[in-house]
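Peer 1: Chain residues, written in single-letter form:
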Amino acid sequence: MKFGYLIIVSSTDNCDYLKMAYALSLSIKNTQPEQFANVALVIDDKQKLDALTSPWVFDKVIEWNKESFWDGRSWMDELSPWENTVCLDADMLFLDDISHWIRYFLKNSELYVANNAFTYRQELVDNNNYYRKTFIKNNLPNLYSYFTFFKKSSKIVNRFFSLNRYIIKNPDEFSKIFLSDYIPKVLGTDEAFALSAKILGIEDEIAYNLPFPRIVHMKPMIQNWPWDADKVTDRIGFYLGVDGQLKLGNYEQSGIIHYVEKDLITTEYISILEDILWKKSKTSING
Amino acid sequence: MEEIQDFDKWINEQTIPVIEYYAVYDENSGEIKGIYPDHAASNEIYKVKIENSLAEDIFSGKVNTFFCWVDLEEQTFHVGESKNLIKIDDVLHRIIEEKYSSQKDFDVYLTYERKQKKLIFELAEKHYGTKQNIHFPELKKKKSNWNGDLEMNFYITRYNDPNILNCIISIKIDDLFKNQKIIEEIELPEKFSVYTRRLLKEYRFEEI
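Each protein sequence line maps, in turn, to chains A and B.
Sequence positions in the first sequence follow the working numbering and run 1 to 287.
Sequence positions in the second sequence follow the working numbering and run 1 to 208.
Heads up, some of the hints might be wrong.
Stated by the list, open to error - No farther apart than 16 Å at their CA atoms in a straight line, the calculated lysine to aspartate or glutamate pairs in the EDC-like style are these: (1) K191/B x D126/A; (2) K117/B x E190/B; (3) K231/A x E190/B; (4) K2/A x E110/A; (5) K279/A x D90/B; (6) K191/B x E83/A; (7) K201/B x E125/B; (8) K219/A x D126/A; (9) K99/B x E268/A; (10) K62/B x D230/A; (11) K191/B x E268/A; (12) K62/B x D234/A; (13) K115/B x E190/B; (14) K60/A x E83/A; (15) K87/B x D230/A; (16) K185/A x D172/A; (17) K19/A x D45/A; (18) K231/A x E125/B; (19) K87/B x D234/A.
Since the hints were made in silico from the structure, they are not lab data.
Just need the whole structure built from these sequences, with the hints factored in.
Peer 2: Here's what the structure looks like:
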């Protein structure tokens, strides 16, 4: 298979990541053309999919439990069944056809990591923000691992993820040496990606300025509000309509949304996304 | 000569009084008049004890007593809305279908009969309305706390989007005592939502 998305979910007691991945996969199937709508899921136990109404939205399911929580994402290059992959965070939704972005990456990139984010009002998020102190103080490239394109056969990809795995396994050592100006409480995937890119000196190759991917990031302290907030939905409503269109407050959203709040996807929203897909499948069968 | 008390002994013997909080309410309507510590409410007859954490939330503005009431039958304090008034959803409550709700015991029922183009509003039997709860048919009836002229406003909007208003339906709560309120010849989109300011706690919507 030439291209597909990859979602790696982790089992925790607090969050239903499989439900989020299911919603994401439904939204991909609903919005993307068929050749750009392949989705692979990495999960510790395949049987968990029995709880889903339409588990077939995952074209490939890979059972894997070698790493816990998000450490598994540093294995994305080895886990992906696709020749070309975009690895996504589970707590995202696709709202439009973004296949033209993918066409660009297929033609021009071996590895590309998202390096900006947008507010729900489509303002570019300032890199020097509340959540990015580690990046600013240590002069790291501003990477967001939530959208990572890579070619499986690329040498640069192999080097990048090999180093990334080593960083994830040895966070204290790398923090002390490379992040001494501001040591993060947890060395997360974004920090590990940025550190790998900096150490390999490939920041400009994998994170140059593009008008896409355009991802709305729903972390509350980057919304350019004059007040603090614990959650975006404390301040504005989250309205998923029957056509899969999404409004935050009274702002219609487009592109991809990274909704962050793990309990936002209700059974009703899943049902909306399933209805859209079933109607689409019926139309394509009859049409 | 004045006896000087041993300070260490005195401080050890002191106990910090535990303050309890009471909601003072109107005996006829159950409306909340105020929240008071026990010593300030000692002369009040119509009062119910509330949790200290709830009292703190009321004092800090997290819970607005405008959305609270006392159930006169059960002598219990109820919170209708517990958020600050920041976004539309803090004022308007979206009435969801029972299949998406974790509740089984509702106060107000809305039913849309699409073929007949009828929108039916009913109050639960426990409030002297017409709708029997099939899950709890033996629920005890509650004394009404409400002024019968009180209007319930229902906003019919685009599905899950209170920004796009289709129409507003106003009903006096009196109209629902022992009666259904039926809106005839109302043609609604294939999917729509109903929002309301929450006067009672649980609302249910169903389309048939």
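Peer 1: Which numbered hints are broken by the structure, listed smallest first?
Peer 2: 1, 3, 5, 6, 18
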